Each structure stands twice: as C-alpha cells, then as structure tokens.
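Sequences listed follow chains A and B, in order.
Under this note's numbering, think of the first position of the first sequence as 722, with each following residue one higher.
Under this note's numbering, think of the first position of the second sequence as 722, with each following residue one higher.
Mixed in with the good hints, there may be bad ones.
In this list, chains with the same sequence are indistinguishable; a pair is considered to hold if it fits within one copy or across any two.
[To be verified] Distance condition first, Cα-Cα at most 27 Å in a straight line; then the derived DSSO-like pairs of lysine-lysine: (1) K824 / K770; (2) K749 / K848; (3) K848 / K876; (4) K852 / K880; (5) K824 / K755; (6) K756 / K953.
Rather than coming from a laboratory, the hints here were simulated on the basis of the structure.
None of the values given here were measured: they were computed from a predicted structure.
Number of protein chains: 2
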Amino acid sequence: MIVSSSELVKSIDHTILKSQATVVEVGKACQLAKKLKFAAMFVSPCYVKLAAELLATGTTKVGTAVGFPLGTQHTTAKCFEAINSIVHGAEEIDFVLNVGFLKAGRYEDVYQEMRAIVLAAKRQQLKDNIKHSIITKVIIEAGLLTEQEKKMACKLAEKARVDFVKTSTGFNPEAGGATQADVRLLRRNLPLTIGVKASGGIRTTEQALMMLEAGANRIGTSAGVQIIEGYKELAMAKK
Amino acid sequence: MIVSSSELVKSIDHTILKSQATVVEVGKACQLAKKLKFAAMFVSPCYVKLAAELLATGTTKVGTAVGFPLGTQHTTAKCFEAINSIVHGAEEIDFVLNVGFLKAGRYEDVYQEMRAIVLAAKRQQLKDNIKHSIITKVIIEAGLLTEQEKKMACKLAEKARVDFVKTSTGFNPEAGGATQADVRLLRRNLPLTIGVKASGGIRTTEQALMMLEAGANRIGTSAGVQIIEGYKELAMAKK
Numbered sequence: 722m723i724v725s726s727s728e729l730v731k732s733i734d735h736t737i738l739k740s741q742a743t744v745v746e747v748g749k750a751c752q753l754a755k756k757l758k759f760a761a762m763f764v765s766p767c768y769v770k771l772a773a774e775l776l777a778t779g780t781t782k783v784g785t786a787v788g789f790p791l792g793t794q795h796t797t798a799k800c801f802e803a804i805n806s807i808v809h810g811a812e813e814i815d816f817v818l819n820v821g822f823l824k825a826g827r828y829e830d831v832y833q834e835m836r837a838i839v840l841a842a843k844r845q846q847l848k849d850n851i852k853h854s855i856i857t858k859v860i861i862e863a864g865l866l867t868e869q870e871k872k873m874a875c876k877l878a879e880k881a882r883v884d885f886v887k888t889s890t891g892f893n894p895e896a897g898g899a900t901q902a903d904v905r906l907l908r909r910n911l912p913l914t915i916g917v918k919a920s921g922g923i924r925t926t927e928q929a930l931m932m933l934e935a936g937a938n939r940i941g942t943s944a945g946v947q948i949i950e951g952y953k954e955l956a957m958a959k960k
Numbered sequence: 722m723i724v725s726s727s728e729l730v731k732s733i734d735h736t737i738l739k740s741q742a743t744v745v746e747v748g749k750a751c752q753l754a755k756k757l758k759f760a761a762m763f764v765s766p767c768y769v770k771l772a773a774e775l776l777a778t779g780t781t782k783v784g785t786a787v788g789f790p791l792g793t794q795h796t797t798a799k800c801f802e803a804i805n806s807i808v809h810g811a812e813e814i815d816f817v818l819n820v821g822f823l824k825a826g827r828y829e830d831v832y833q834e835m836r837a838i839v840l841a842a843k844r845q846q847l848k849d850n851i852k853h854s855i856i857t858k859v860i861i862e863a864g865l866l867t868e869q870e871k872k873m874a875c876k877l878a879e880k881a882r883v884d885f886v887k888t889s890t891g892f893n894p895e896a897g898g899a900t901q902a903d904v905r906l907l908r909r910n911l912p913l914t915i916g917v918k919a920s921g922g923i924r925t926t927e928q929a930l931m932m933l934e935a936g937a938n939r940i941g942t943s944a945g946v947q948i949i950e951g952y953k954e955l956a957m958a959k960k
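Build out the structure end to end from the sequences listed, making use of the hints.
This is the structure:
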C-alpha cells in the first residue's frame, strides 16, 4: 500500500455539501468524521456553527466552501462569506476561482480576488485571536480549463499564497471530477509548500489511493467512510 | 398562439450564469437582451456592474442570482450578496431557498431567511433612493421537493412577500428543470399578486409556450434568442 491506514485517514476531507442535506445528516457526518479522525469535515456555510460545536473536541478541523460551486460571486461577497464562516468556527476555507475571469485572461483580477480572500482569512484569524492558521484552498475547476489555464491558475495561487490548490468542485457536470493527470499537473506546477487537494467523484479506495500516488495531499470526498472501509479490506486481502 | 410575440418577449428573463462565461460573452448577451427588449438580463454577481452599464438605457432590467445555485450559504451572506448586487445596479434578485432547512421542517428558518432577503432589498432600495421596486424571486428547486414541501414553500414565500416563486436553478442535475406540473402547482398555491417563474432546461419555443400556458409569468432561459426566432417561425407556419 502506498500509504498507511492512518495516513489515508489524515488525508481525507469528509464532505457534505449537497443542497438538500439536513441538520440530522450533517450532524451524523460530523460525528463520523470526528470518530474516524478525518483531517477535516466540510459543511455548507449554513452548518458551520453546528459543525464547530460538534467538532470542538477531537482532531478534525471544520471546513466550508465559499463562492461555491460557481465562483462567480463578487469578490467582496466571497470575502464576506469567508470572514462570516471563520467567525462561526470554520478553520479551512475552500473557495472557487472565477473561471470566466481566468478564461478571459483577466489574471490580475483572478490574483487580486485570491489574495483578498487569503488576506481576509488571515486578518480574521488575528482579530479573533485564533491560535492555528486558517487554511485556504482555491478550487480551480480543472475540468473547464485548458492546460495553459491550469498552469496559470497555479502561478496565481502561488503568488496569492493560498495553502492548497484543489482540482474540482464536484458540482459541475460539465467539468467532471478529479483526474490523476490533473493532480500530477498541479503537483508539478506548485512549490511543495502548497498542497494539492483532489476532489470530485472520488468514491472508492482505489480512486483515493490513485490520487495520493499522483501527489495529492488531501482527498475531498463524501464517501470518506466507504474509502476507509475499502482500505481495510484491501489491506486484509494483501496479507 | 397563446401569447403575442411582444408578450412572449416581455416574459423572458434572458440568462447567462455558467461559471466560465467571459466578459465578452456576458456583454454580447446584454446587448441582445436590450435589442430584443427582454424583461430582464440575468448575470452572475461579478458581472452586475457591467450589465447595469450596458442596460442603463432601454427597458430590460438587470437581474442576478443570489446564494446560487445551492442556497446553503449563511442567511447573512445571502443578504450581503443581495445588497451588494443592488448597490452595483441589480434590479431583480433571484435567490435560492435553503432546501435542507425545508426538508428538515425548519419552516421558521426558511421564512426568516426569505423575509430577511426581501427586507434587505427593500431597505437598500430606499437607502439608494431607487425609484422602482427591487423584484425578489425565491427559487425553490422544485425537483428536489415533495408536493407537500412545494406547497409549504409557496405558503412561506407568500408570508415573506417575495414577488415571484421560481421553479429551478437549472444547475442541479439531480433536480432537473421546470415542468408544466410544477408551474401549475405553484400557480394554484400562490395568490395572483405573486408571479411564477419557470426556469431550468427551457430551450425551445414549444417549451416556453407550454410554461406560459401552465401559468408562468416569466421564463428564465439562456436560449431567449432561439425561443423568439422559433416563435416567428411557428407564427409564420400558422398563417
């Protein structure tokens, strides 16, 4: 196996972002994430307070998705949503890049937006005297981008000092989800100080391991539990 | 024909909300909407300023989508986005209801959120001394709801005094788009002071006319131009 069981667990950002998720479903997902010690639990902004209460003890961080999934909000609104989420207890902010701006060659606008969100998060961390760093991840929706655009997104993300670049929202059928090729491209085009998060359509242990092999540091998935169970079965079979 | 050509034109909310839309594509859509005199032109929040400039003359209103398409943002963030969009020139605000709250029976929360957005829009209108009313439409993502839930959404929308109830975002594959049955249900369960907007997957003249026949007052579509051209052909054929 390319990673140990605990390494796999620590790479997983367990996720429940669908619009119809109820408070009961979100609560259950948080309990599971805590029990299994996933890296983070990603919930919609409307459930951040709840997740922060449920995950107040334990090692699992609270994450949320900002400007999600289209990334076409106004920059000010994205910053507001990030700050509001941090105030409510979010420790990791995954935000969506403005794909249309990137496609139009408006690189300065894309950079300024990324940087504004990163700085808003840092400022709120200092203001609220939060001891750990707020992690920011920019979702580039790689499936909509050309190779050139993906590389440019990496360059801008590095300049804006985001903590991670993430492949996909998983909510755009036209874009599809994470691919091994995209994870490799991101890994090759980013310094090692910036992580790569693979997400979108990852539902099996095999897929998760493939992404880690390609260089992913985190796996975003709503199938965290199945992936861990599948790992155990695979490990047993190999013995 | 159930409506005249000019009635059809006036029912259309022309729409370009996909994440990869560039400034050039949005600009072109606005010019077409203005030329054809559509009711409104819907653009993402990041393009509201541009649309407001391009549509400053003419009869076509500027619309935008708030909390779109998941509706799972925090209420405060939805209100902020609505206000920010109005400041930038939006005259119509289509916002997405929190489906998970509705499904969990949190009717008071659903109502309070709708009401907060409606009031935020009204307050900003007065503050900026805007002469016409800011129109609010709540998108209920009908394809995810039971009949009971759709009826409850109508009841809450009436209480919150939104101007329209809208069937779908068109961005959720699981939910699908507008159906004649949903438009009829909304029409039957709302007072005539509240409009019905059919949207999601409406790409042909036949579909648009079917929705109007079922009681829709507005048609949200990215195929506004094709629909008008198709109408002319249909009208010619009937002569």
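Okay, the hints, checked on the actual structure:
no. : hint        : in the structure
1   : K824 / K770 : between (35 Å within a copy, 19 Å between copies)
2   : K749 / K848 : neither (31 Å within a copy, 43 Å between copies)
3   : K848 / K876 : neither (29 Å within a copy, 42 Å between copies)
4   : K852 / K880 : within (24 Å within a copy, 44 Å between copies)
5   : K824 / K755 : between (39 Å within a copy, 25 Å between copies)
6   : K756 / K953 : within (16 Å within a copy, 62 Å between copies)
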